[in-house]
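Please put together the full structure from these sequences, using the hints given.
Residue numbers (the working numbering), protein chains in the order written: chain A, 4 to 143; chain B, 4 to 143; chain C, 4 to 143; chain D, 4 to 143; chain E, 4 to 143; chain F, 4 to 143.
Note that these hints are calculated values from the structure, not bench results.
Heads up, a few of these hints could be off.
Repeated chains share a single entry, so a pair holds when one copy, or any two copies, can fit it.
Stated by the list, open to error - Simulated crosslink set (BS3-like; lysine-lysine; CA at most 30 angstroms straight-line):
| # | residue 1 | residue 2 |
| --- | --- | --- |
| 1 | 57 | 31 |
| 2 | 57 | 98 |
| 3 | 20 | 57 |
| 4 | 20 | 31 |
| 5 | 98 | 31 |
| 6 | 31 | 96 |
Remember, predicted model here, so these are calculated numbers, not experimental data.
Number of protein chains: 6
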Amino acid sequence: MATTRQLANPESDPRVKAVFDDIRATRKADFINNLWHALAFDPALLESTWAEVKRLMATPTQLDPLTKEMVYIAVSVANACSYCVHSHTAAAKGKGMTDAQHAELLAIIALAAKTNHLATGLQVGVDGVFDVGGAAEPRS
Amino acid sequence: MATTRQLANPESDPRVKAVFDDIRATRKADFINNLWHALAFDPALLESTWAEVKRLMATPTQLDPLTKEMVYIAVSVANACSYCVHSHTAAAKGKGMTDAQHAELLAIIALAAKTNHLATGLQVGVDGVFDVGGAAEPRS
Amino acid sequence: MATTRQLANPESDPRVKAVFDDIRATRKADFINNLWHALAFDPALLESTWAEVKRLMATPTQLDPLTKEMVYIAVSVANACSYCVHSHTAAAKGKGMTDAQHAELLAIIALAAKTNHLATGLQVGVDGVFDVGGAAEPRS
Amino acid sequence: MATTRQLANPESDPRVKAVFDDIRATRKADFINNLWHALAFDPALLESTWAEVKRLMATPTQLDPLTKEMVYIAVSVANACSYCVHSHTAAAKGKGMTDAQHAELLAIIALAAKTNHLATGLQVGVDGVFDVGGAAEPRS
Amino acid sequence: MATTRQLANPESDPRVKAVFDDIRATRKADFINNLWHALAFDPALLESTWAEVKRLMATPTQLDPLTKEMVYIAVSVANACSYCVHSHTAAAKGKGMTDAQHAELLAIIALAAKTNHLATGLQVGVDGVFDVGGAAEPRS
Amino acid sequence: MATTRQLANPESDPRVKAVFDDIRATRKADFINNLWHALAFDPALLESTWAEVKRLMATPTQLDPLTKEMVYIAVSVANACSYCVHSHTAAAKGKGMTDAQHAELLAIIALAAKTNHLATGLQVGVDGVFDVGGAAEPRS
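Listed below in structure tokens is the structure:
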């Protein structure tokens, strides 16, 4: 199932081939997962999406790689993206997530969803102390 | 603004007082934020909600405290819970989140939302290799 | 705050006046809440929206009026519609919802959100017995 | 998969037959897609849903037909409705959406999701100039 | 499909067996649906989830059992949880939901979604009369 | 309200000044709205976000400027981003959106939300004819 045509030979387009080669080199693996095949129908969209994913998720940054994958899973669950939950859970496991960590991650996601719905149902007003951007520093 | 009456003196109810005292003791702070005041209209709901938050978020577990807050923020953003984004961003900063970590957290949440919507728009099929629960081990 | 102009005298338009009069007659109250004022910028949209709300929510149907308001609140919380949570919680209270029922409603909404996120995080496959529309009866 | 029984011969009910005939006449095609078959378990719900879809999506209005389908896709992606993304992407292609337009539509949906999550994570206050419905014109 | 390994014999773990036995006893049925099998990879998460579901959904409370299932369905639809919509629609039918009640439930969920999106699109300000938690009763 | 400190003089940072200058030049207006002020706490995030918004929304592309703003509004409503609904509705009006077009846009967003929830509640299976990416063309 997909809403775009899957190409028989996407790498016949040199722009697609360049991205796929970079994915393989970055991940040190031959496998190209379906998201990138689906994006190959538009090389510009494929390039910009991969560039952003590579920069944030496949390059050393402030946060450690496993934390980044867990945040990614959390957003993907809340946005109900089945594909993304699958692919980023696999990525997190590849970066060392244990079953115990996975269970705790799911428990926290579930608790957050629970209190999100409670706070929205109660329409709780934001405490003044939580506001750090208010009148503090006037703009130039 | 709220959908439940705020009590003038919620701690006149001993069950509410017990929870509020435990929040203060756990957090080593006098301040009780609005969510708990709003939940005080139903002591049983207040007790069960605090018990779960305390067990997962205010007790040492597998994941470190800051990672847990960042996951909580991620879910709260995706669920558009204004109160929760404010309160857990404040909590994360209280646990040491720097501006650079905050910026990267927001960038990853935003990227995840972007690819969530791309994958859903493309209706990408899940790669077989991502499925770990399939036919692998038959049930007893 | 609003994205459409509020009219100084919306009932100078006879189509708006007819809807507002019907709202007042149906609810046996003079008060017209902000949603209808905001919709008054387009009489056709105002008419079709009120007609559907009146038919389902202000007319005797299969489900009792309080159950219908609780379902409405549940959807509004999950969709993070602040205005709708406020207006339908007020409506439910007007139809007799007690504090104990309100607390239980919020607890069930919160639990549903929790298991929604767990099931999505686990990517649980649907049990065959839950499928009632499958191959059962071939179409003509 | 479905939560309602699919009828073996839904058009034996004259109300269902009338709607199905109107769908075929409106679309100039014999095919009735699954949503309408699923709704056929309740003729009143089928009738009201089709009437609204026909009036807005299959009748000339202010916005051109392709723009309307692209807006429909955007909402369906953000609400994670797999069926709707599939059916309205097919409809948009039937109304002339090219691959380049499809790619740009997905890019804008993805960008909007990204900045939606950024703005919610930052809890940005609404600029006064964006408020057109405020104190401007007092109500009668 | 799942993101956790399904165990070949989950009940070899006595904690899992105790929960599964309680599910069977509570429901007076042998069948254990997939959600509980998926949660069995972490006995603590399985125990706490079942305990909360049992307490709210399988024990007599303020709200009647069918109303609770309908609220659960409403949240699950809005959160786009395919598994949960299936399992709780089956549960609601098991508790007596007729086709006519099902159709009306879906119509109300759909209407709520419609007005949620209208109110959010219009950015309607909350009417003062809907605020019951405001300045009414000062805190001690 | 905000979760990041607003700087007193953000343009004292040359990277921030360069982005703000480009926003002013691109829009031919002095006004910098709050989102960009909020993002100024992290110049890299500000730069990458503005670059993407400028490329897609402020540069001639396949889709006309007003259609792009309407798609942006649709996503923002479904994601319940209050700030984004306000800012992009203002932008759409700036690009010529009439009240009649605005009303129709809201009606289509509302209808899409309605049928999204119906299709999810019914768990309608995707029609085979909607799948364009299936087995059609084998990958190399």
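**Violated hints - listed by number, lowest first** = No numbers; nothing is violated.
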